[in-house]
Structure formats: structure tokens, C-alpha cells
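*Asks:* Sequential numbering of the sequence shown, starting at 1, is according to full-length UniProt numbering.
FYI, nobody ran anything at the bench for these hints, they're computed from the structure. Quick caveat: nothing in here was measured; it's all calculated off a predicted structure. C-beta atoms are modelled at their ideal positions from N, C-alpha and C, and glycine is treated no differently. Do not take every clue at face value.
Claimed, not checked - In silico DSS-like pairs for lysine-lysine, Cα to Cα no more than 27 Å straight-line: (1) K821 <-> K1016; (2) K187 <-> K293; (3) K392 <-> K248; (4) K705 <-> K633; (5) K392 <-> K293.
What the hints assert, rightly or not - Distance windows between CB atoms, simulated: (6) R364 <-> P462: 29 to 37 Å; (7) A290 <-> S53: 42 to 50 Å; (8) N118 <-> G454: 52 to 60 Å; (9) D558 <-> P190: 38 to 46 Å; (10) D93 <-> E332: 38 to 46 Å; (11) G767 <-> S520: 56 to 64 Å; (12) S53 <-> R506: 42 to 50 Å.
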Amino acid sequence: MLALRLLGPLTLSVADVEHDLGGARQRVVLALLALNANRVVPVDQLIDAVWESAPPTTARAQIQICVSGLRRVLAGAGDTAQIRTRPPGYLLDISDDDLDVAQFTSLVTAARAHVDANRVAEAVATLRSALSLWRGPALAGMNSELLRRNAAQLDDARVAAVMDRLRLDLTLGRHDEIIGELFALVKEHPLRERLYEYLMLALYRAGRQAEALEVCRQARATLMEELGIELGESARRLESAILNRDPKLDIAVSGVDGRTTPVTVVPQTVVPRRLPATIGDFTGRAAQLAEIKNALDDHGDPEAVNYGTRIVAISGKGGVGKSTLAVRAAHELRDAYPDGHLYGDLESTTGEDRVRGVLARFLRALGIDGNAIPEDDEERGELYRSRVANKKVLVVLDGATDEEQVIPLLPAGPGCAVIVTSRTRLSGLPGALQVAIEVFDVDHALEMFATIVGQERMRNEPEAARELVSQCGGLPLAIRIAGARLASRAHWRIDVLVARLRDSVRRLDELSFRGLVLRSNIGQSYEVLSEDGQRLFRRFALITTPDFPWWTAAALLDVDPYDAFEVVETLVDAQLLDTVQYPGERLRYRFHDLIRVYATEQLQTTESAAEQTETVERLLGAWLARADHAHAKEYGGAYTIIHGTTSRWGRAAELEEADEMVNQIDWLESERRSLVSAVRLAADHEMAEACWDLALTSVTLFQLKGHFDDWRETAELALATSEAADNQRGRAAMLFSLGALHAQQQTRLDEAERCYTAALEIFEELGDEHGHALALRNLATLHRMRHGTEATMAMYEVALEKMRAVGDLVGQAHILQHMAKVCIDEGDADRARDLLEAALTRCQEVRYLRGEAQVLNRFAELHLFVNQIEEAHQALNRVLLIVRDIGDRIGEAHALYRLGVVRQRSGRLDNAETTLQHALSLAQQVGQRMVAGSAHYALAEIALSRGQEAAGASHIDAALARFAELGATIWQAKALILRSDSHDGRGEDNPAARDLDAAIELLGTVQSTEAVRLRKELERNRGNAFSP
1 MLALRLLGPL TLSVADVEHD LGGARQRVVL ALLALNANRV VPVDQLIDAV
51 WESAPPTTAR AQIQICVSGL RRVLAGAGDT AQIRTRPPGY LLDISDDDLD
101 VAQFTSLVTA ARAHVDANRV AEAVATLRSA LSLWRGPALA GMNSELLRRN
151 AAQLDDARVA AVMDRLRLDL TLGRHDEIIG ELFALVKEHP LRERLYEYLM
201 LALYRAGRQA EALEVCRQAR ATLMEELGIE LGESARRLES AILNRDPKLD
251 IAVSGVDGRT TPVTVVPQTV VPRRLPATIG DFTGRAAQLA EIKNALDDHG
301 DPEAVNYGTR IVAISGKGGV GKSTLAVRAA HELRDAYPDG HLYGDLESTT
351 GEDRVRGVLA RFLRALGIDG NAIPEDDEER GELYRSRVAN KKVLVVLDGA
401 TDEEQVIPLL PAGPGCAVIV TSRTRLSGLP GALQVAIEVF DVDHALEMFA
451 TIVGQERMRN EPEAARELVS QCGGLPLAIR IAGARLASRA HWRIDVLVAR
501 LRDSVRRLDE LSFRGLVLRS NIGQSYEVLS EDGQRLFRRF ALITTPDFPW
551 WTAAALLDVD PYDAFEVVET LVDAQLLDTV QYPGERLRYR FHDLIRVYAT
601 EQLQTTESAA EQTETVERLL GAWLARADHA HAKEYGGAYT IIHGTTSRWG
651 RAAELEEADE MVNQIDWLES ERRSLVSAVR LAADHEMAEA CWDLALTSVT
701 LFQLKGHFDD WRETAELALA TSEAADNQRG RAAMLFSLGA LHAQQQTRLD
751 EAERCYTAAL EIFEELGDEH GHALALRNLA TLHRMRHGTE ATMAMYEVAL
801 EKMRAVGDLV GQAHILQHMA KVCIDEGDAD RARDLLEAAL TRCQEVRYLR
851 GEAQVLNRFA ELHLFVNQIE EAHQALNRVL LIVRDIGDRI GEAHALYRLG
901 VVRQRSGRLD NAETTLQHAL SLAQQVGQRM VAGSAHYALA EIALSRGQEA
951 AGASHIDAAL ARFAELGATI WQAKALILRS DSHDGRGEDN PAARDLDAAI
1001 ELLGTVQSTE AVRLRKELER NRGNAFSP
């Protein structure tokens, strides 16, 4: 079994055989990862631990070397523990059973549970087991300041466990057994009063009263000499009880419940009552209030004081109501803390040292004369803790910046409780209950608003009230300010203020009333940020999407992605950014609406237009680089696309390493809104080249996933931006894109042809061979679908030569398979097969899976044409495996239609009908009207073959409607022929003749081989039905 030990020298062993951990740096890295087991440790923190203040320029690389070495060590130890890469650093994945620190913590927790259940003997045994894990000082011999600080905390936890065990031993009457141990501990820790008290009580119970009093005198002298303070009240009361031989010091006679009666000598003291008033309209925090009260109210249980000060840490953004909740909870807990209530406002305290000032006020509240308050900070803290020791005092610390501010203000009394509020989650406070509060939902926001302005005004303007709380973003402070303004202006309607708040530029000005100022409240969080933190906060305002990924910070600051991640997290810690997690996606970040307004204000007042432009260029360069990468992954390279001249951000390659998402289409899908927003951002800054380039690259996603609205919006916006800048290449690219959109949706095909033709002309004027080839390819395909003209093949051949000239392998594959379709329609199976083989080779060469599926689908059509049913079936099975694996729903619709036809041709009509219905449903979902029309046609054939005339007629009518909309002339003629046959079978000669005449007329407008063949067959035998 693997054992990683930190409670003593750092060791790693398997079955008691130690493994070499390598050099000092490697050991430091492992120790820090183990201290934070199963949590991510940033690389920067590892660097700090190894080199402290002077890391070399190769620090990151050396950390990677250390991690690689440790991975080899762990692999040799059986691989049950692993180091995993997790941005922005590494994580040690290890079972609690394999780590002595985790075992120690678990055992101590279990011991406390035993005490809660009155199983004192079991608690002592469990604590002894926990302490037996120690082999000396934690991480002995480690030469790292950061590790030494962590080790000191572990050593403190060890001492606390020892003291808990000693107290319980005294409870069980084991005083004789622990006297020697207590003498040694007092010598080792001469400033811990509680140890003196335990030793005094143990000696007294052993019949050694004089020695107990001597220990008390030694304690008094030591504390006065070392700290300049008097012995604490608890020890003085114990001394008095020993002098008087108080029977309460004896062990409880029953001895059954393992408890002793505490000493009850209570001197007269000052009882502070310093809580601020609670508000009368407290709203919307019932669940959190109940949670806090449950954590801090001991409900009269005398054993509840056994395990130290209880702490609740309330966190949330500025203005969310942290102070209101804390004060309300404190007031409702007053009776549970009869020895006093202290309140320290750390946010408003002036001066350099807020902690020092709050300590002074606490001491005065506790009855210490101002002249007697020590100047030394440590002495001041010791005096404060002595004053509240063995008392039940409730302390509220409002507006703490971090844990370092809070720890000196924590009382030492086991019956005390602390409520802390902070804009930062204070996860470093030992044993604290973390209560995070968010903005109000609409119902609670309206409830609060109604308590301020009155129910009648709410009833008169319910919609205005709802819009107002929405404009406030559910932030309680903003709602209170808005409500107070309306309450002071009884003649105002609610919609008056709503109208004023609609102007986002002035919104923060409007949210100010008689000392309640939202802007300054947000500003407090902003001002304490680092310079990079403030810069990033401002620049995030340039991103207009509701949320955004962390890596955009790297482009906004132009720094290493890992460094950027750390800055992002400081904004989260300051409650200036919120996190959001969508199912199946990476963590994202977002602004509260009012905080975004403040960020925008800071951006406009702090950074020049040139600085903002430079930042936007970097951000767009990053989006372009990432979109390029996604396109290349999907198509096997920079194929079937053209790009502009916008510079890509230089550090973009590092983003690919930092972002672990492999499937690039999934990545594009998760960033769809951001891509659309980036196109808008480029348009807003009149960056036409970046605008059209990003709009065109995003088509990779829009086309595959059917995001036609986004496709249209970005293409039209980029077209307008290009036209305004007289950017002809951008104009041609966007006309080409819009033509592809119209063709993809199979609507407005005349407009698609116009767009392609216009793009073709511009590309030709510019001498852009690649753009010209792309536009000509698509125009030829549109002609083939609509007209079937002989000119189509010539257009494909010109486009193919141009694709070869520019080296676009995917573009060549597309054209080759379309040429194969023309050959199939013309009856040239051999040439079609050669063309498809060439197309398949190119797709497989670049690993373009979607293209491979398209070629295989065309192969199935060819097999069907030459009556190779089994080969067609096999090809389509391969197609379906590919398209379903890559999420190509359009490709799946095409494949299902073709598979339905194969099953129809093989006589499996039930299977064919099911498959065609599935194809029809999917085609309608993804907007593939040609597939839908063809599926209706095949379903009509099946229905008519079964004598289901009504169903057949319905499918024929639906097919005709789709083909007519698309201008698919030959298919429209086929559907008319099928309907004519249906009429003829029922003896309806006139309708049958009309449909045949209409079909012959349509076929006369098309000069393809297939059209001529069909027309001749009709003239020979008007009774035949034709299959696709």
C-alpha cells in the first residue's frame, strides 16, 4: 500500500519500502502538491515555494522537469497516486488513505463526533491514533519558507489535538497518567495558558495542591516576563478554586457521562452591546439566516463550547447585503451570547492598520481604559483574547479584506462565535462555515422593493416595478437606493425612474441617494486590485457577450495564459466577476450588469482610444487564431476558405496548450455567442478586414450546426462594414458567404445565384484565384441542382484547376464528388467511380471526415445507380458512423434518405418507410428541404405501391411544394409523373394528362442528358413511374 507522509520528514513508501523522491526542488514540489491534495496548485505557487523571491527565467520549465520526475517516481510506486495537469498548474490525485495528513484530519474529525455523542473514551482512543501518525515536526528539513508556514499550521493542529486529548483524559479521571506529559508540554510551549490550567487541575486532583499553586505562580511570572500581560481570567478563577478546595473541581461523582462540572467563579465584568441596529424591512435571506443561526446557536448545550470558536464567513459582491444579513443574524443570536456582542467595521475603519484600530475599540468595549491598551500589536491581541476567554461573546467583523485581517481578531474563548463578511471567500479561516450570497431573484427583489415604496405603488405599476428591479440586477443596495429615491418623491411614478435607468451611461449616477452611492461601493472593490487586475477589469468591458472564457484575459493583457488566469481569479475573489458553468462546458465568467457599467466607465476614463483599439486588435487576433485552428482541425488544414490580412495574436498557440478541449466543433459551439460578438466588436471599431475574416471562418460552425440566424447576422454585418471601408475582397467574401447561406437553407436560390455571381466578378477583378475557385464551385453546384445544364461540368473543371493551383485539397475533393454526381446523372458510371476515388483519396489524406462521409454517400448513390444494393448499404453504414461521431446532423439526414431508398429498392418496405420518416424529420429540423422533398417522393412511392392512395397523394403534394420552392426542375417533373401515374391508376384520365403535360413542359426547359432521357421515355410510354 502506498503511503505519502508529511507529518515528519517527507517520505513516500510502498509496503514499508521507501522510494527516492529525488532532489530538493522535486521534494518541495511534491510536498506542496500533497499539502493541497486533489486541488489545483498554480505553477506560480510552486515557483514561489521552490525559489521564493528570486526565480530564474527558466522556472516554469524546471517545474515541468520536477513534475515529470515525480510522475516517474509515482509510476514506480504503483501509480495509485498521479500528478495531473490542470490549468493553471498541477493536481496530485491521491486517496485520503494514502496520505497521512488526510488521515490525521479525518481522525480528529471523528474524535469530535465521538465527543458530540458522549463517547469520550472512543474520542481519546481516536485522538491517540491520529497523533500516532506523527514522526516529528511536519515536513522536517524542508528548506522552503512557504512550506515552513504550512508546516507550522500542521504543528499547531497537532498541539490542538494533544490539548483536546488531555482535556478528555482529565474528564475520564486519568490525571495521574498525564502529569508527566503536561510538565513536558508546558516546558515546550511556555506561553499556552491552557496547558498550565490542565497541569494545575491534574496536580490538584492527584492531591498535590501546593504544586498546582506553584505552577500557577510560574505561569503568571512567565506571561508577565514574556508578554507583559496578567494571567487570564480562566486561570485566575481556577487558582481561586484550588485555594478554596472547591468541590466542583473534583471529577463528577457519576462518571457515567464522562463530563465534569465547570468552575463557575465569575467576576463582575463589563458586558459590551455594540451591534448596529438591524433594518426593519429585512427580506429574502431566510434560508441563509437559518443556516447561520443553526451553526452558531448552541441551544443551551453545555458541551457545545468544547471545540473552540465557531466562525461563519459570509461572502458576496458589494451591495449584495452581507452586512445586513450579518447584523440581522447577530441580533437574533443575542440571547445565546450573554457575555457581550462586539462589532468591528473593517471596511470603514480609517488609518493604515484597521486591525489595530478595531482591537483598540474592542478592548475599550471590554472595559479596558485607553491608557492601559498596549502599544504593541501582539500584546493588544493577547489582551483581547484574554478578556474574552471562557466567555460567550459574539463578534461581528464586517468588510474584511482577507484572512490575515480576521485572524488577529478571532477570540480564543471556546464559547465565542464570529460572523465575518467579505467580498472575498475567506476559505483560509479554519473550520468556518462558508455562506455565499447572491443577488436576489425577481420575486425577492420585488418583495424588498415593495417594503420600501409600498404595496399600492407596486400594484399600480407591476411591469414598471419588474423592469426596475431588473435594471438593478437584483442587487439589494441598488434596489434600496432606487426605492429610497421613489419613497422620497411620492409624486414620481415608478416608470419615471425606470426611464432614467434605461440610459446605461447614467445608470450609476441615478443609483445614488443621500449617502447611499452604488458607484463608490463597487469602487471599493476595484481600488484594492493590483494594476493588472484593474486593467483587466476595465478591458473585460470590451466584451459584450453575457459571459466569456478565461483565456480572453491573456489577449486583453497580452500576457502568458497562466498568468492571465491568476488575474481573472483575483477579480472573482473581489466579487467583481461571477462564474457560470453550463452543462458539458468549461467554466466561464460574467459581469453583473451594474458592475459592467462601472467597468465601462473606468475603461472610457482611464484608457485612451488608441489603447482601446490596440486591445481590441489583440482580442480579435486571438479569436481569429483560435477560429483558424478550429477550422483547420475540422477540414484538415486551411482548406476551402480564404483569410484576410489581420494579424493573429502572437501567444495564441499557448492558448491551445492551456485549453484542454479537444473537439474543435464543440469548442466553436461553446463560443458561438462570443464569435458573433467578436464580429460585432470588429464592426463597431470599423476593422473591416478582421470583421469579414472572422465572419467567414465562423461559417465552419454555423454551417455544420445549422446556426443560420448567426450566419446571416455576421455575414450581413461584415458585408456592410466591408462596403463602408471599400474593402472589395471582404465584400466578395461576404457575398460568397451569403450565397452559401441561401443555398444551404435552400431558400431564395435566385438570391444565392446573384450573390455567387457578384462574388465571382469581384474575385476575378482582384485576381484572387482561391476566392474565384470557391465561388465558381458553389455556383456550378447551384446550376446543377436547378438547371442541370451541360455548362455545369465545364464550370467544375475550371474551378478544379484553380483549386489545384492554390493547393486546396478539400476544395478539389468537393468539386470531384460534385462532378461525379453529374456523371451519375448522365449515366457515366465508370468516370463517376474514378472521380469519387480521387475525391476520397484527398479527404483521407487530410483526415477530413465530413468530406469523407459526403464522398461515401455519393458512392452509395453510384452503387444504387448500377444496382449494387449491398455495396450501397455498406457505404451508407460507414457514412452514418462518421456523421454521428462528428455530430454532422445535415450529413446524417442525407445518409438516412439514401439508406431509405436502398432499403426500398431491396424490397424491405417497412424498414425503408421507417428510415425515410426519420430522414424527413431530421431534414426538417436542419432545414434541408431538398432531402425533405426527396424523402416525401420516396414515401409516396411506397404508399402507392401498397395502395395507400391518400397517403401517397399527401406525400406527392409535399414533395412538389419543396421542389417548386427550390427550383429543382427535374425532381419536380418526376413528382408530376408519379402523380400522373396515381391518377391514371384510378382512371382519372384528365388529371393524369395534365400532370404529364406539365412534366414534359418542365423537362423541356432543361438541357441535361437526364432531362432529355426522361422526356423521350414519357413520349414512348406515358404510363411509367420514375424513381430518383
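*Asks:* Hint by hint, say whether it matches the structure.
*Replies:* For each hint, the structure was consulted:
| no. | hint | verdict |
| --- | --- | --- |
| 1 | K821 <-> K1016 | holds, 22 Å |
| 2 | K187 <-> K293 | violated, 40 Å |
| 3 | K392 <-> K248 | holds, 21 Å |
| 4 | K705 <-> K633 | holds, 16 Å |
| 5 | K392 <-> K293 | holds, 15 Å |
| 6 | R364 <-> P462: 29 to 37 Å | violated, 51 Å |
| 7 | A290 <-> S53: 42 to 50 Å | holds, 47 Å |
| 8 | N118 <-> G454: 52 to 60 Å | holds, 54 Å |
| 9 | D558 <-> P190: 38 to 46 Å | violated, 55 Å |
| 10 | D93 <-> E332: 38 to 46 Å | holds, 43 Å |
| 11 | G767 <-> S520: 56 to 64 Å | holds, 60 Å |
| 12 | S53 <-> R506: 42 to 50 Å | holds, 47 Å |
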